[in-house]
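Visitor: In the order they appear, the protein sequences are chains A and B. Position one of the first sequence corresponds to residue 1 (the working numbering), numbered consecutively onward. Position one of the second sequence corresponds to residue 309 (the working numbering), numbered consecutively onward.
Read the hints as simulated data drawn from the structure, not as lab findings. Each hint should be verified, as a subset may be incorrect.
Stated by the list, open to error - Lysine-lysine pairs mimicking DSSO-like chemistry, simulated, CA-CA at most 27 Å apart:
1. B:K389 x B:K424
2. B:K389 x B:K499
3. A:K201 x B:K389
4. B:K499 x B:K486
5. B:K486 x A:K201
6. B:K499 x A:K201
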Amino acid sequence: MPARQPCLTPKRPVSMLERGQDNPGLITPPAPVMAIDPEEAGRLRARQRERIGRWLLPVLIMAAAILLWDRICVWNAIPPYILPRPGVVLDTLIADAPLLFSSLLVTLKITFLSLLLAVVGGVGLAVLFTQSRWVEMSLFPFAIILQVTPIVAIFPLINIYVSDQTAKLLLCAWIVAFFPILSNTTLGLNSVDRNLIDYFKLNGATRWQTLRYLRLPASMPYFLGGLKIAGGLALIGAVVAEFVAGSAGQSSGLASRIIEAGYRLNAPRLFAALILISFTGILIFMMLSLVSHLILRRWHESALKQEQ
Amino acid sequence: MQNSDCRDAAGRPILVLRSVGKHFANGVTALECLDLTLREGEFMSLLGPSGCGKSTALRIIAGLTSPSSGIVDWRGPPMGKTDIGFVFQEPTLMPWADVFDNVWMPLRIQGVSRRKAEPMVAEVLERVHLTGFERAVPRELSGGMKMRVSIARGLVTRPRVLLMDEPFAALDEITRFKLNNDLLELWQEQKFTVIFVTHSVFESVFLSNRIVVMAASPGRIYEDVALDAPYPRDETFRTSAQYANLCRQMSDILGDAMHAGPSAMPDTETARVDA
């Protein structure tokens, strides 16, 4: 409707500068604005500062803590069998590397095997739970009992019933690690959009199809959250199991190195082993976070970059 | 007469609801004695205030809820799983799957392989103007585009009946108008039958050739109105006096329905609104 056109045309706001020009009919297109107002500039600076500070600050604090540790040893003349200086610990880490790393490998094997079993067991049980509420109601209490009982208290029993060393440790680490996966995956499998479930029903999807195409992908964020917790717990479980088994002199993992070093008052090696375990835990967590990010980055809120 | 311009009357019955009622365990009567005949090729709107049971009626027709009483009778060749398309109020897409996978899903459930589904998905995506977005995930799309994906998914199996539950209620007006036009175009091309649940008088008048007005507590049919305005309907129709007139008449009927006594006898008299 051309008749209505004029009143529908939005009036472009005219600035004082343009109004003052000789030729008001010929409005020069505004130059691309590159100048940022002070507030935006400040925000940009703050963001840059935060980006640098995010890694610089922890590194500085860590360095300061190590330095302080070293100074305390020197100032108080603490003997190395009580508290070794950081340099000594580092030297021990390098000198004992073959021994420590071969032990670490043993611990890692238990950790990852038990994590794998925790995933299989946790997801398997969760799937079973979602197939029938009766199964969930009947079995969930057992899972909770296993979770809340301290593993150290269960281990003597496992020690009696299971003779194989590896199986013993695996069982221990598994009990500690499987619960977060089970509970998170159960939650995830039950958190599917009701309308999507209806949609699948409408299309005559079988139970298996609904599980495979709908429930499992939908539970992914929950499962991965559980996996991150379970990764750390599997390591803790493996070390604790080795500790208990190691006090009976049956283990060759990192924990047994720690016990051994403790008996011999070899504090530097104690610290070296401790540091190795911590770093392993951090690495496992970072690895699982990366896996989670790679899987979820395209669709899940948790993996999206924070928008302004 | 039945042609592409006006297909309101002559289609043969495809669905007959007889005295369908739904009473929930908590004592609420969602639907009372619903009698309704849906004819092939109709674009029927279920119009009413919230709580009048229009969504419940749609779920019963879809087979998602079973009626407490009465019969849902599908006529003609037996209705298979792929003969009913459903579009929800929300796009209801799988956020982890891209557009192709979302639209492929109803076929996939029927056992159609990716390779065999490709041309079918491509065709339906072209119809809803989403060609080139196959690899986008829902979160990368606008609200209107997500709804288009949802419609494409509903149509990919070439259903005979498309059930829509307030599909455009959450969209902005400009997008809604556009989708209204596109939906009518699809309907005229593919000649499926539509039941369209809505609480918008304007939308129902623009789209349908039959409007069933429902009243609440208990949910029942208040009036069954046939609309004679010819198709194709486009922006000219939307701004016409005829459209405004029809909207006013429907608003009056809806207003009466909303003020109807809480438990009047179901009124199934058929009216005809002339422009």
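Visitor: If a hint holds in the structure, say so; if it doesn't, say that too.
Guide: Here is what the structure says about each hint:
1. Proposed proximity of K389 of chain B and K424 of chain B is supported: the alpha carbons are some 19 Å apart, at most 27 Å.
2. For the proposed pair K389 of chain B and K499 of chain B, the alpha carbon gap of about 19 Å is at most 27 Å, so the pair holds.
3. Proximity of K201 of chain A to K389 of chain B is assessed by CA-CA distance (about 9 Å); at most 27 Å being required, the pair is judged to hold.
4. In summary, the hint linking K499 of chain B to K486 of chain B is supported, as the alpha carbons are separated by about 20 Å, within the 27 Å threshold.
5. As the CA atoms of K486 of chain B and K201 of chain A are separated by approximately 30 Å, the hinted pair breaks the 27 Å bound.
6. Between the alpha carbons of K499 of chain B and K201 of chain A the distance comes to roughly 25 Å, so the proposed pair stays at or under 27 Å and holds.
Checked against the numbered hints above, the structure breaks only hint 5 and satisfies the rest.
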